[in-house]
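Chains as they are written, first to last, in my numbering: chain W, 1 to 117; chain L, 1001 to 1117.
Because the hints were derived from the structure by calculation, they are not lab data. Ideal Cβ positions, reconstructed from N, Cα and C, are used throughout, including at glycine. Check each hint, because a few of them may be wrong.
In silico DSBU-like pairs for lysine-lysine, Cα to Cα no more than 30 angstroms straight-line [unchecked claim]:
no., chain 1, residue 1, chain 2, residue 2
1, W, Lys37, L, Lys1037
2, L, Lys1037, W, Lys51
3, L, Lys1051, W, Lys37
4, W, Lys51, L, Lys1089
5, W, Lys37, W, Lys51
6, L, Lys1037, L, Lys1051
7, L, Lys1051, W, Lys89
Some but not every residue of chain L turned toward chain W, in silico, with C-beta under 7 angstroms [as the list claims (entries may be wrong)]:
no., residue
8, Ala1014
9, Gly1028
10, Ile1041
11, Arg1068
12, Thr1071
13, Pro1074
14, Arg1088
There are 2 protein chains.
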Amino acid sequence: MQSAQLDATFSALADPTRRAVLAELASGARTVNELAKPFDISLPAFSRHLKVLEQAGLITRGRDRQFRPCTIAPEPLREATDWMQQYRKLWDERLDRLDAYLAQLQSPTSTEDRDDD
Amino acid sequence: MQSAQLDATFSALADPTRRAVLAELASGARTVNELAKPFDISLPAFSRHLKVLEQAGLITRGRDRQFRPCTIAPEPLREATDWMQQYRKLWDERLDRLDAYLAQLQSPTSTEDRDDD
């Protein structure tokens, strides 16, 4: 279940238009026209992006027939972030070790500063 | 550029087998056979998943012709987490407000405890 939700969430996020829409919705509800304005694509094409976001549960649409304002639905995004977060510590540690190793390579004389060897 | 990388990263993450591979690689390098073992899919199908991860830059393959061990490449994952992280604060605040609102709805008598109204 949760796996299918993660599939849908990551799949929806794999597009710059859809990511931009979510970024815009992070500051509040918007109508479709407001959301579509910055994009140089047809309204039907834009609506398909909204449909993907809606089917993934990342946005909800209001009931107003004419405007149906879009609102961000944070829960699936939080779940996806949690999934990534659980590995972040491991990745960070790995990068830290790599950084330390590269720093060591770049300053071969650093041991000369020490008196303890 | 960064947008294309995010497309590739999120697209690669939109599959339970590929997410499981990354989870396994978080604890160290593995050969393809080691990685494939828990999955009930053909080796060619599994190799296609590895190819997606490799092309997205999420794993690297060793030079050893026979084993070519897989290693996780943390940088793109860190970028994707950072992208999600920048909105997390907004989403968390929204969820907190929702929680507070729901708590208010569920305890209509809570104002009776106060003397200040």
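The hints, checked one at a time:
no.	hint	verdict
1	W/Lys37 with L/Lys1037	violated (49 angstroms)
2	L/Lys1037 with W/Lys51	violated (37 angstroms)
3	L/Lys1051 with W/Lys37	violated (37 angstroms)
4	W/Lys51 with L/Lys1089	holds (25 angstroms)
5	W/Lys37 with W/Lys51	holds (17 angstroms)
6	L/Lys1037 with L/Lys1051	holds (17 angstroms)
7	L/Lys1051 with W/Lys89	holds (25 angstroms)
8	Ala1014	holds (4 angstroms)
9	Gly1028	violated (10 angstroms)
10	Ile1041	violated (15 angstroms)
11	Arg1068	violated (20 angstroms)
12	Thr1071	violated (9 angstroms)
13	Pro1074	holds (4 angstroms)
14	Arg1088	holds (6 angstroms)
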